[in-house]
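In order, the protein sequence lines correspond to chains A and B. When we follow numbering that gives the first Met the number 0, the leftmost residue of the first sequence carries the number 0, and every step to the right adds one. When we follow numbering that gives the first Met the number 0, the leftmost residue of the second sequence carries the number 0, and every step to the right adds one.
What the hints contain is simulated information worked out from the structure, not anything from laboratory work. All C-beta atoms in this analysis are idealised placements derived from N, C-alpha and C, irrespective of residue type, glycine included. Treat the hints with care, as some may be off.
Quick list of the computed label-pair ranges, beta carbon to beta carbon [claimed, not checked]:
| hint | chain 1 | residue 1 | chain 2 | residue 2 | range |
| --- | --- | --- | --- | --- | --- |
| 1 | B | 23 | A | 159 | 23 to 31 Å |
| 2 | B | 24 | A | 37 | 22 to 30 Å |
| 3 | A | 73 | B | 54 | 30 to 38 Å |
| 4 | B | 39 | A | 192 | 27 to 35 Å |
| 5 | B | 39 | A | 112 | 50 to 58 Å |
| 6 | A | 176 | B | 27 | 28 to 36 Å |
| 7 | B | 44 | A | 107 | 41 to 49 Å |
| 8 | B | 76 | A | 169 | 49 to 57 Å |
| 9 | B | 36 | A | 40 | 25 to 33 Å |
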Amino acid sequence: MNIGIIVFPGSNCDRDCAHVLSDIMGQTAEFIWHQERSVKGMDAIILPGGFSYGDYLRTGAIARFSPIMEAVVEFAGRGGMVLGICNGFQMLLELGILPGAMLRNRDLSFICEDHYIRVENANTPFTNHCKPGQILKLPIAHAEGNYYTNPVTLSALQANAQIVFRYCDREGKVTSQTNPNGSLDNIAGIRNAAGNVLGLMPHPERAAEHLLNNEDGLYIFRSMVSALETHKTPQPV
Amino acid sequence: MKAKIYITLKNGILDPQGRAIQQSLQTLGFGSVGEVRIGKFIEVDLCESDATSGEQTIKAMCEKLLANTVIEEYQYEILEA
Chain A
0 MNIGIIVFPG SNCDRDCAHV LSDIMGQTAE FIWHQERSVK GMDAIILPGG
50 FSYGDYLRTG AIARFSPIME AVVEFAGRGG MVLGICNGFQ MLLELGILPG
100 AMLRNRDLSF ICEDHYIRVE NANTPFTNHC KPGQILKLPI AHAEGNYYTN
150 PVTLSALQAN AQIVFRYCDR EGKVTSQTNP NGSLDNIAGI RNAAGNVLGL
200 MPHPERAAEH LLNNEDGLYI FRSMVSALET HKTPQPV
Chain B
0 MKAKIYITLK NGILDPQGRA IQQSLQTLGF GSVGEVRIGK FIEVDLCESD
50 ATSGEQTIKA MCEKLLANTV IEEYQYEILE A
C-alpha cells in the first residue's frame, strides 16, 4: 500500500511513521511536503505529530490552511483513509473533519508518558485487528489534548460509536483518575461519522517494534493495511 | 486603520490557565479576586479606509483563522488611522 505522510514545518513524527510503515511493515511510505497540492496515488494519508508552525495561534490552526489540505479534505470526502496522530488530530479538528476542539491540559503541563487506552470500537478500519475492549499501552506527548465538544455533539459521538479510544487504567477501567489531561468523557481518539477518518492523541508510531519493547501501536497500522487490502480507496478520475 | 482583537474561551469552558492565575492572585493576598480568564490580544494593521469593509474583513479573519469558535469568542475594536 502507498501511504502518504504529510510533512509540515515542525512535524517531528513523520519519520517515525515512515519507519514503522516501510521498515517494520513492508509498505510504501511517501513524504508529501505541505506545499504540494495532490495526494494522487495514495491509498491512505497520515497527518503526523509534532508542532506544525510552532503551534502558533492554536495547535493545528495554521497547518489547516496549508496548500495540501484541500487535497486531503477532498481525499477524505471520497472515503479515503486519513489518520491524524496528536498534532494531526488537532489539525483534523481545526479542519472540521472531526468535531470538537482541544483545550490546554487540565493541569497545564506537557504530558509525556505511556498511557493505557481502551478500544471502544473495534469495528473500524483503524482497529479491526483489536478485540472490543482491548487495552493498548501507547505513549502520549502533548500539552493540548483536553478534548472538548458541546453536549449535543458528545451525545452524537457516543450514539454513533465514534469514540474509538478512551483513557483507562491497566485493567481497562475508565474513570476521572485515569484521565491524564481532562479530556471530555476520557476521549483519546474519535472517528468521523463515515468511519474513514480517525484522530487520536496517543502515538502508535512510537510503540510499534520489538526493539522498543512495545508493539501495541502495530494493531492500528495493521488494521489500516488490512482494511486497505479489502477495500482500496477510490482514486479520482 | 488598526484593529485590536481580543480572543477568550467561551463562558462555561474551563480555562485552566485562568484558574491557576486566580489561585496565585488569591494566594498573594488579593482576596477580592473572582474568576480570571486568559485570552489572546492581536493587533492588525489594515490598509483599508472604509470602516464598514474594514470591520467585515476583521470579522472574517476572526471566523476563519484567529478564533476557533467551537471554544472561543472574540471581540474587536477598530481604531481609525
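Going down the list of hints, with the structure as the test:
{"no.": "1", "hint": "B/23 - A/159: 23 to 31 Å", "in the structure": "violated, 42 Å"}
{"no.": "2", "hint": "B/24 - A/37: 22 to 30 Å", "in the structure": "violated, 52 Å"}
{"no.": "3", "hint": "A/73 - B/54: 30 to 38 Å", "in the structure": "holds, 33 Å"}
{"no.": "4", "hint": "B/39 - A/192: 27 to 35 Å", "in the structure": "holds, 32 Å"}
{"no.": "5", "hint": "B/39 - A/112: 50 to 58 Å", "in the structure": "violated, 29 Å"}
{"no.": "6", "hint": "A/176 - B/27: 28 to 36 Å", "in the structure": "holds, 31 Å"}
{"no.": "7", "hint": "B/44 - A/107: 41 to 49 Å", "in the structure": "violated, 33 Å"}
{"no.": "8", "hint": "B/76 - A/169: 49 to 57 Å", "in the structure": "holds, 53 Å"}
{"no.": "9", "hint": "B/36 - A/40: 25 to 33 Å", "in the structure": "violated, 48 Å"}
When held up to the earlier numbered hints, the structure conflicts with 1, 2, 5, 7 and 9 and fits the remainder.
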